[in-house]
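So the protein sequences, as listed, match chains A and B. So the number in the working numbering is just where the residue sits in the first sequence, counting from 1, plus 83. So the number in the working numbering is just where the residue sits in the second sequence, counting from 1, plus 83.
Bear in mind the hints are in silico, worked out from the structure with no lab data behind them. Treat each hint with caution, since some may be false.
Note that the list lumps identical chains together, so a pair holds whenever it fits in one copy or between two copies.
Within a straight-line C-alpha distance of at most 25 Å, the following computed BS3-like cross-link-like pairs (lysine-lysine) qualify [as the list claims (entries may be wrong)]:
#1 Lys473 with Lys251
#2 Lys155 with Lys134
#3 Lys214 with Lys247
#4 Lys315 with Lys214
#5 Lys153 with Lys134
#6 Lys112 with Lys155
#7 Lys112 with Lys315
From a predicted model like this one, the values you see are computed outputs, not experimental measurements.
Number of protein chains: 2
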Amino acid sequence: MKAILVAMATVLVSLSMGAQQNISFREGKLVSPQVNNDRTVTFRVNAPKAKSVKVLADWEQNGGQGVMKKDKDGIWEYTTPQLLSEMYTYRFDVDGVVSIDPVNPFTRRDVGNVFSIFYVGGGVADEYQVKDVDHGQVRTVWYHSNTANADRRMNVYLPAGYGKTDNKYPVFYLLHGSGGDENAWLELGNISRIMDNLIAEGKCEPMIVVMPNGNFGKQAAAGETSENLSYKPVMTNFLAHYKDGLFELAFPEIVNYVDATFNTIPDKAHRAIAGLSMGGMHTLMITANYPDMFNYIGLYSSGVDFTLIEKGEVPAYANFDGKLAKLAQTNPKLYWIACGSADGLMQANRQLMERMTKNGLKYTFHESSRGHLWSNWRQYSLMFIPQLFK
Amino acid sequence: MKAILVAMATVLVSLSMGAQQNISFREGKLVSPQVNNDRTVTFRVNAPKAKSVKVLADWEQNGGQGVMKKDKDGIWEYTTPQLLSEMYTYRFDVDGVVSIDPVNPFTRRDVGNVFSIFYVGGGVADEYQVKDVDHGQVRTVWYHSNTANADRRMNVYLPAGYGKTDNKYPVFYLLHGSGGDENAWLELGNISRIMDNLIAEGKCEPMIVVMPNGNFGKQAAAGETSENLSYKPVMTNFLAHYKDGLFELAFPEIVNYVDATFNTIPDKAHRAIAGLSMGGMHTLMITANYPDMFNYIGLYSSGVDFTLIEKGEVPAYANFDGKLAKLAQTNPKLYWIACGSADGLMQANRQLMERMTKNGLKYTFHESSRGHLWSNWRQYSLMFIPQLFK
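Chain A with its partners taken away, still in its complex shape:
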């Protein structure tokens, strides 16, 4: 009985933390979404002439779908089941036209689509939002790559207080997936807020976070190159330096630029690297080719491509076992692998761990629920970053 009361109290406390958020930029306008105190979320859209309206989203329940119902004034409404704390993306399907929520001004682009967003608080998503803590700064800078023969863009998070003293900081390199870019970890990963909050709460060391662009055939994110709005992502074109290993082999250019430009501690003990999906493959191959560079390695839902590895035609991916064995000898302090149970890449990740064991390379594995989703990559960050530079 006592245990039940404690459990209930815990539920009540965490429910009260998920305070209601009404998204409506202008007073008097329709509110949508409305994040209710019980962690359900109500969506509304004014579409009197529509025949059918659905919400299409990335929560787990009912496959993220909700059928909206119309009232007498033509306002369609739908309330979700209780949702776990997270940042969610969604769109409305109005008679087959799929687009953002017309009254929610907050959106994110993910690959080629734009989504409306909201947060359900009272848990992990509290770390994704802005709190009244000291804020770090973000710099959008261009470094020169001799290998690519181009200036290329990266985003750099510097912790609060950076530059006010001569303090030098460890560096965490954080890589995006295919379809992403140097903005992805800021916009979809909410990484500057996560860093501000974890540092303010004493949960991680103050550190620099470097987010380069991993599409080596591109200089920067979609719309930020001289292709401008005619930009096509590299993953639609296997000739455009997609999986040719050049990004991985040229990675010391990025590390050298960062060490020359920022107040870093420029040694292996103070360098970490992680990446999601394609960025996980990049992380695997960068650390395999440069075994003395990073002490902390994270693969998030890694897009390990054993077909390319076994072919061995790409220099960066050749002699895979030998490289893993050599990395094992340098004894990195943490090799952390995470994947969702519903992720199609789980099998390749299990195969990778077998290869690591065979080559004497130790790792820690975290299996989460869900699939190939940003919710996993944000939550992996909350787990991985506190382990760095301790």
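Given the coordinates of chain A, work out where chain B should sit on it, guided by the hints.
Here is chain B on its own, set in the frame of chain A:
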């Protein structure tokens, strides 16, 4: 005849500069918008069940409206008249639901709404896009305001090469309107591309551009404060430091932070300031209250509020004539006023110019076409910035 041939050749050259842009992130998807070589633009949306589809945009012809027509496959299409070179924003109205173009991944938030965007090249908009030139960097930083008792956010553009030498730079302070924020000049004004391009073409001096947040009751842009997505803009709440003059009076806090943080030339001869709409009122009042601070002053479609000025209750706005007369004595090198002929604020701007003349303050006036629009503010920047620090 020869004159006609020259004129025709000029038209052909500038048409060929407006090269076709097909916006379609993934191959094989519907293309929309398609910017045609003749500077017309074709929009498409797949909506077989819709009864009526319109384009709602900010070009001048037909009030920016276009009625789309459906083909046998349910694809609606509309082609605009020939458009002038600019960046345009638009949405689709599908049976009364107004939202972004579902297949165009490029959007901008303006006040509380999200719009799809595109560019028509071959003119001013070429300066708004990314070219193969050296790029400056952008820093998103927080300064402390003692007056607001808060950390507040600003964006700072630093020209290419900044920090590689001990070079010191002049500073241009650039202010947004009500409903805008510290991101507005970057996202809607395209100012980092304008600066990169003007500097690369030798059309302006290399300079630092500082974009603070002018909503003094807010710490940062919508979604970037601890209100998170429940953010309401200050202009919906006259108690939230909207037009109370505190932003203007506290402006030396920003200048002091910038001079202490960046490689600036910290004197009047190397400082410029301009603002649009509410930011024009801010610029007017900052320079009136601090007559020794800026040598170059720009008011873009300035929201001059003579009701508040005549009331004289707000300290920053009191003794207006005396302050203008004092500013006249300091003899600023350039006082540049611009307004669109269709702008409702034209009358207040004319009244302002009369007051300036009465108080001996010289100015240059530029009357453009159009109204209270970003197209004007971007084009004013192309005119104002080359005049600075010469």
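Of all the hints numbered above, which does this structure not satisfy? Sort the numbers upward.
Hint check: nothing fails, all pass.
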